[in-house]
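A.B. asks: Each chain, written out:
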Amino acid sequence: MAIRGDYMNEASSRIAEVTQASTAGFFAQCYELFDLPPLGSMIKCRDGGNEIMAITCNARTSSLEPGRRPIARGKNELTEEDVFRSNPQLEQLLKSEFEAVVIGHSANNQYHHYLPPRPVKLHSFVYVCSPDEIVEFSRSLEFLTLLAGARTELPSEELIAACIRFIGACHVEPAAFTTLAGKKLAQIFTDDYQKLRTILLRLKL
Amino acid sequence: MNRQDNNKLGVVVSGSLSQGIQARLDSNTSIEDVTVGHLVTIQGNTRRFFGMINDISLETTDPGILLTPPEADEVFLATVLQGTTTYGSMQIVPYLTLGGDESLIEGPQPVKSIPSHFSPVLLASEADIELVFGKEGTRNFFIGNPLDMQVKLCLDLPELVTRSNGVFGKSGTGKTFLTRMLLIGILQTDAAVNLVFDMHSEYGWMGTREKASPVKGLKQLFPSRVSVFTLDEQSSRERKVSTDFVVYIGYDEIEPADIELLRQTLNLTDQAVSATYQLRQRFGQKWIEKALALESDGETEDTLKSLNIHEATFQNLVRGLNIICRLPFTLPHVETRAVDKVLEYLQSGKHVVLEFGRHGNIAAYILVANLLTRRIYTRYRENTEKAMAENHPQPKPLVITIEEAHKFLNPAVAGQTIFGTIAREMRKYNATLLVIDQRPSGIDEEVMSQLGTKITCLLDSEKDIDAVLAGISGKSGLKSVIAKLSSKQQALVFGHAVPMPVAFRPRDYGSAESYAQFGNASPDIKEDNLDDLW
Chain A
904 MAIRGDYMNE
914 ASSRIAEVTQ
924 ASTAGFFAQC
934 YELFDLPPLG
944 SMIKCRDGGN
954 EIMAITCNAR
964 TSSLEPGRRP
974 IARGKNELTE
984 EDVFRSNPQL
994 EQLLKSEFEA
1004 VVIGHSANNQ
1014 YHHYLPPRPV
1024 KLHSFVYVCS
1034 PDEIVEFSRS
1044 LEFLTLLAGA
1054 RTELPSEELI
1064 AACIRFIGAC
1074 HVEPAAFTTL
1084 AGKKLAQIFT
1094 DDYQKLRTIL
1104 LRLKL
Chain B
96 MNRQDNNKLG
106 VVVSGSLSQG
116 IQARLDSNTS
126 IEDVTVGHLV
136 TIQGNTRRFF
146 GMINDISLET
156 TDPGILLTPP
166 EADEVFLATV
176 LQGTTTYGSM
186 QIVPYLTLGG
196 DESLIEGPQP
206 VKSIPSHFSP
216 VLLASEADIE
226 LVFGKEGTRN
236 FFIGNPLDMQ
246 VKLCLDLPEL
256 VTRSNGVFGK
266 SGTGKTFLTR
276 MLLIGILQTD
286 AAVNLVFDMH
296 SEYGWMGTRE
306 KASPVKGLKQ
316 LFPSRVSVFT
326 LDEQSSRERK
336 VSTDFVVYIG
346 YDEIEPADIE
356 LLRQTLNLTD
366 QAVSATYQLR
376 QRFGQKWIEK
386 ALALESDGET
396 EDTLKSLNIH
406 EATFQNLVRG
416 LNIICRLPFT
426 LPHVETRAVD
436 KVLEYLQSGK
446 HVVLEFGRHG
456 NIAAYILVAN
466 LLTRRIYTRY
476 RENTEKAMAE
486 NHPQPKPLVI
496 TIEEAHKFLN
506 PAVAGQTIFG
516 TIAREMRKYN
526 ATLLVIDQRP
536 SGIDEEVMSQ
546 LGTKITCLLD
556 SEKDIDAVLA
566 GISGKSGLKS
576 VIAKLSSKQQ
586 ALVFGHAVPM
596 PVAFRPRDYG
606 SAESYAQFGN
616 ASPDIKEDNL
626 DDLW
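Taken in order, these protein sequences are the chains called A and B.
Heads up: the first sequence runs through residues 904 to 1108, numbered per the numbering used here.
Heads up: the second sequence runs through residues 96 to 629, numbered per the numbering used here.
Bear in mind the hints are in silico, worked out from the structure with no lab data behind them.
Ideal Cβ placement from N, Cα and C applies to all residues, glycine included.
Each hint should be verified, as a subset may be incorrect.
Computed footprint of chain A on chain B, listed as stretches where at least three residues anywhere in the stretch have a Cβ under 8 Å from a Cβ of chain A [claimed, not checked]:
#, segment
1, 149–163
2, 177–189
Looking from chain A toward chain B, a few residues come up when the C-beta cut is under 7 Å (computed) [as the list claims (entries may be wrong)]:
#, residue
3, L1083
4, G1085
5, K1086
6, A1089
7, T1093
8, D1094
9, Y1096
10, K1107
Restricting the straight-line Cα-Cα distance to at most 16 Å, the calculated cross-link-like pairs of lysine to aspartate or glutamate (EDC-like) are [as the list claims (entries may be wrong)]:
#, chain 1, residue 1, chain 2, residue 2
11, A, K1086, B, D347
12, A, K1107, B, D168
13, A, K1107, B, D128
14, A, K1107, B, D121
15, A, K1087, B, D121
16, A, K1098, B, D157
17, A, K1107, B, E166
18, B, K385, B, D347
19, A, K1086, B, D157
Chain A extracted, bound-state conformation:
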């Protein structure tokens, strides 16, 4: 099967744009305010004919201007939606962005579960991966090593557990995948049982 995503759905699966990039990860800003991909979900960027796969983490919504913090506006509103309806400028003054950890890439129509030769380009589009792609990519669990070594603001246990839950849900047999992934983690964390235990308890079937 071709690993390239379905171009018909390209518009709908395109959710963000890269705003800062390095080899191991990147930041992306969502096109729609609050339209953030869930923690641990799999996204991809294109680099010429190849794709760079990443896992989302550390999403946040904040003011466009770094020095300017939003103020509370809903005192007289009935619902939270009313706040935005009464202040239409808010959508222009706020941004939703997230960080992504690179977990592999494709080259020559084949997935590789290690870092790509170059980081993604700035302003690359960020697409949500389809379940088929996710299943195909996760046939090898080597990407968990990259994920386990990633330096992120949030605890890596949370990220890894969220990622396995997300990918597992795309599989026909989530339990089998989760067990396999767990065993892979046990190999990675041979000398850190407490961390392993923390992750595994977050994967409870």
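Got chain A; can you put chain B on it based on the hints?
C.D. replies: Here is chain B on its own, set in the frame of chain A:
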């Protein structure tokens, strides 16, 4: 490849030739299915190794797991940890290797190397077992199945009888069954003739079984090739045993050396023992009769004085001699000597079982066994030497079976008894021992070390296990195997006649099929007799 996948247990991770090989169990192999005593093969790069599992352990990559193990309801956690962070490990002792140039012609060779890292460890297949232990045939006798396997484990009996051998095990672990089977094997393969000193009348006609009907003895299975001698005609008649000869021992057949062996049993002093030699010298062959007559004689004191024997010593000796004379099978003089009769039968190729009937006390047993064996051995030695000198075929190998062997072979008497000599000099004169005992630690170390093949059932006592394993390489490993044998129907065989130690379940004995199988090689059992076997 398929076979490999099905039987693969794990991979080699470390080890040494002296300490054995450590293999990590595959995550899909349940440690509970792996048992000590299992035979395994290790497929190295260029050679194949045969070995035995002798220890199993649970390991972990991170000791932290022991502080916070998964809770009972954390099934997923436990599943993931199994085979990864926590894993099973087994210790394997390699014994044989196949694959070098020499082994292609000569079969498996003793191991001098170890397999490389990550060589797969497989359960030994039936073909492997046959390759190592041979197929059932004219020389190879089927003795049982390796633990948890269906393949027939065979013993090269002509090879077995070239050395003295031992069967050991706690009381009630199946020594007698094993021995009976070995005797049948020796008979069937025609490897030797048997002389069995049957203390509890278990081998000749009928044997007992715990919680089951009695089993047939040798004579019932092979009537034309086995003769039963008895010391207790009445007991034999009551048990409806057809005996071939009733044994009586003449006082004039008993030598001081026979008395010496009975020193402990008869509670004789050292002086009393040395007095026997003086009496023998003075009175000749009828020394016992005359010595006992002295008592009622008025000249006793003078005679004793001239012999330099103290009165108390003499009384001590007389008490001992009286015990012997009170044995129902002793007479002042016997016309047909039992030893001649036994030899006659043995030389004609018949197997002799000597039943003790009700006289199974230890004094009678030691006296008769020692007395007969000493003379038979002398005759065998003469015949063998004669055959060697005249280039005749040598006499048929003789296997003498003794029970309660520690009474004959304990360190105090092993140097003096004929059994000690046979065990040490072994095959030179074609006579060897089959020693049966429940306390191998009581047997002289030197004799133990000379036993070629040892078959041992369960032993508990550390001393006994050590005694059985003395001089064996990989002792510590086999120790755990012996201690973990089931108390019934499991045994470990190692030594001269087997290329490597193997734990096995002895073949069935006691059912009609088993009799038929044993009888197959014998012309004695005919189809129409089979009904009687039930």
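A.B. asks: Next, verify each hint and record whether it holds.
C.D. replies: Structure-based check of each hint:
1. 149–163: The restraint on the segment 149–163 of chain B holds, since 5 of its residues have a Cβ under 8 Å from chain A and three suffice.
2. 177–189: Our answer is that it holds, as 3 residues pass the Cβ test (under 8 Å) against chain A, meeting three.
3. L1083: violated (9 Å)
4. G1085: Where the cut-off is 7 Å and the nearest Cβ of chain B is about 3 Å from A/G1085, the hint holds.
5. K1086: holds (5 Å)
6. A1089: holds (3 Å)
7. T1093: holds (4 Å)
8. D1094: holds (6 Å)
9. Y1096: holds (4 Å)
10. K1107: With a minimum Cβ separation of about 6 Å from chain B (threshold 7 Å), the hint on A/K1107 holds.
11. A/K1086 <-> B/D347: violated (83 Å)
12. A/K1107 <-> B/D168: holds (10 Å)
13. A/K1107 <-> B/D128: Status violated; Cα separation ~28 Å.
14. A/K1107 <-> B/D121: violated (24 Å)
15. A/K1087 <-> B/D121: holds (15 Å)
16. A/K1098 <-> B/D157: holds (12 Å)
17. A/K1107 <-> B/E166: holds (13 Å)
18. B/K385 <-> B/D347: Roughly 10 Å separates the two Cα atoms, so the pair holds.
19. A/K1086 <-> B/D157: holds (15 Å)
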